[in-house]
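Build the complex from these two chains, which are given one at a time in their own frames, with help from the hints.
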Amino acid sequence: MSAVVTSSPSITGRSVPGAEKEVLAQLKVAFGAKLKDAKVVRERLVEIVIDRAELVPVCTYLKDTLGFEHLSCVTAVDWKDHFESIYHIENYYNGCMVQVNAQIPYDDPKIATLTGLWHAADFLEREMWDLMGVEYTGHPNLTRILLPEDFKFHPLRKEFAQEVDRQYITRRKLRGGK
Amino acid sequence: MTEFWINMGPQHPMTHGLWNMKVQVDGETVTDAKPEIGYLHRGYEKIMEVREFQKNVVLTDRLCYVSSITWSHAYCLAVEKMMGIETPERGQWIRVVALELQRIASHLMWLAAYGPDLGLLTGLLWALRERELFLDLIQLMSGARMNQNYPRVGGVRNDLPDNFEAMCRRSIEHFLEKVDNEYQRVFQQSKVFHMRTEGVGKISAAEAIDWGVTGPNLRACGVNVDLRRLDPYEVYEEIDFEPQVWHDGGAGDSYARFVCRFNELRESCQIILQALEKMPKTGPYRVKAPRRAEGEGYAKTEDSRGEALFYVIGDGDDRPYRVKIRSPVFCTMAATPIMLRGNKLADSVAILGSVDVCVGEMDK
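Going down the list, the protein sequences come from chains A and B.
Numbered as in numbering that gives the first Met the number 0, the first sequence ends at 177 without a single skipped number.
Numbered as in numbering that gives the first Met the number 0, the second sequence ends at 363 without a single skipped number.
Pulled out of the complex, with its shape left as it was, chain B reads as follows (with noise of 0.2 Å):
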């Protein structure tokens, strides 16, 4: 039978943003595949170059409007490097809070969108439903729902409010309660969710690695790094917690991807949790940080889809001379196809969900 190209994309409901998937099949079998990307560049790396080093934080707010502040925090980090100066350690409390929530929000995102591409819409409003719990939560912290523009070089901007501890503890209870009950059951223990999921996608650790895979699709392959554990940044030294690998048979398909990230789901609750156990309770969050610096810093980060890393370079004037964003989702679009090749087209949608693509920060 003749081969052809056929475009998933760019606007087709799996992509969950602008990008283009043009696969090649052979009746129903898919033979290769090339990914389109760039439609929503921005020129991000350019624009952060005029600008001042704490006004470039409401930019990189924007890199990924579902995982802001892990974004912000990254080029924070990375700042704070050059400066040589280090946040308090209330802040890098509060900076680990904040952090885990939004992996939550994000990971609910991926959720509600992954739901809908395997035709579980339940999937989407119950996933949605609990991530409005995590955004108020956020939005109690920082005062905004999405794109807060909460972290800062030298700290974060404010103060967590009063009723936080208890607000988060009533939440997170909630959200325990719903993932162990209706989740479980909508999600692993359901047999279409088995069928559609497992065994399709299939990429080897070894072939990850070489690719740069990273995040929660390299722990699928079986790969025990978690940049909190393997490279500690802020206060996650002091944590008590276990990256979520997969140890079973048949690492690295969807089914695995999958559950590596819903499993971080009640990993972060429980680190918040211990986070608001262990924070000093009152001291500084922020120091003042120098208007200009020189030098060169870089900070990499667990983003919520991957290793995050911000490289900055300062010439002495109140602008950075360079930024560089890695984007984890980049490298791993370079790699879907390995994923995609052998599967049926009806599969790539289970495949591409569950690599959790985000098209803001991949194209920059």
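Isolated chain A (complex conformation) (with noise of 0.2 Å):
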């Protein structure tokens, strides 16, 4: 599936400096316009923004071009009027890690899976679909993993309220004010 040795000893454990720059730049050269947004945000860490339809082959390249081997986290955003899947992908040779964040329409909560890629997209994206009801097209077990199975709702979704707003009590209404 990878195209990239995966045998320990060109894994040095130590970071290149500089290396998010280079990734920023074939990012670019790779992708050029289909990138909405691309930045170094800090040291060994790229941002890339991106629309849906762009997340496999832009995973893809990142996985199997420039050496990015560890899905480290999934994580979906409700922006109210549209959905956030953001990736943190981690390189072990440099140290790098970049987020892409990929967009999703609000009435069709839906992106590719990353499963065919990664292994580890698994749990991760079960779990998402699970807690904010983005759905993983193609994953092959998209089933509830942290809630019970007949839970009828996806809670991180800022639709779904908590039962307080607050959550403590101010001195002036216990003294008897508002």
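No lab work stands behind these hints: they were computed from the structure.
No experiment lies behind these values; they were computed from the predicted model shown.
From the three backbone atoms N, C-alpha and C, an ideal C-beta is built for every residue, glycine too.
Careful: at least some of the hints might be erroneous.
[Unchecked claim] Which residues of chain B face chain A? A few of them, derived with a C-beta cut under 10 Å, are:
1) I46
2) V49
3) Y182
Right, dumping it as structure tokens:
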């Protein structure tokens, strides 16, 4: 599946200075205008914003060409007018992290799965579907993982209200004020 | 022979918490496994959205009661990145000492659990005895044995007490002597221990990376990845230490995982001693953090069990808009069927014990 050699001797355990700029330049050359936004956030961290249609090509390029072998984290964010699926992908060779923000329209919360690239995506995407209700199409087993099977909501959405807004009582309230 | 499923849990001495490992067996051989988790889900990511940034520290402490400081520290670091503030130098050194003390306490708790898994009750008693030394040090530092609530956004809660350095040196000296003599003998030099752990629960380096296994479990496969070295945070850059990686043959089995964790005990002691040496003796340990913040920040740290990642988004309010917790055990759990397949059912306890499961952080 992967063209990159995973044997340990090439992983030195130390980061390569300036690697994030190189990664950004290579991504810009490969995808150009398809990147809605691309920047170096800080040392060893690159952030790119893409549309959901570009997710699989970008991630395939990251993994197979640039050696980003570790999918660390999948986050779904409810921005009220759209969703975002955020991937933190890490390179063990130079210590670089790429944050891929894939934008998803609110009325059609679907995005392609990455289980074909990383097996780690299996649990991570299940968790995000469970809690946020973003459907990862093509996932082999998209079932609830943390919540009970018969649970009917996706609680991390902003429309799922919590019981109390403020969780503390102010001193003024204790004294009988508002 | 027909294959059938056995529930190892939720109430099973092996699980060290509340989760269920369903194993499919053919005779005595495990042919498949399916972890069932979520029994301890408390909805952390949702609860944190209605609490202020500082107040969430007390919640993140409870993510993993064995390793509280490493978790609340990862959260504080992520929020600091978002706010764009930096801890003063002395604060960073104090954090390193606290993190390593917590790592030792956490690894000793694992050792105490792993011993009885293999029928080695002495291991439980000894490891918990020495863990008390480090809990005392943490209590001296923060005021509490567990759930310390010690790191703050912008630093740590209080400075080190006057006698801390001397107490720390004395405890570590005593502990290293115990490790080199007693622990070494009861675990690594025991023939029975070798027989139970060697060659079981194998996972290759490529598979481990692919499935997102991190921390000591990944280093046991021979992959030299330690985030304290690869992506240094706080002042780990200035500390001279050796990440514990398994270099010999037979990588990725339960014994390799044991050795990597066990050697980290010694390494953490050395880090603490160095930190006490290099730490500036006076100076501020905390900066004032703004109440409101906008933007996003993430921090990944080397937790006792692997890569802990916090991703925090603020929308200008005094509470986070979204918090994402990446738990190392959650990802490692996805890879446990690979470790289990082909082994005997009786060995599954020796395998899952060596992974070091903490249900609190796994289920969030």
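Cross-check of the supplied hints:
{"no.": "1", "hint": "I46", "verdict": "holds (8 Å)"}
{"no.": "2", "hint": "V49", "verdict": "holds (6 Å)"}
{"no.": "3", "hint": "Y182", "verdict": "violated (26 Å)"}
In the structure shown, a violation is registered for the earlier hint numbered 3 alone.
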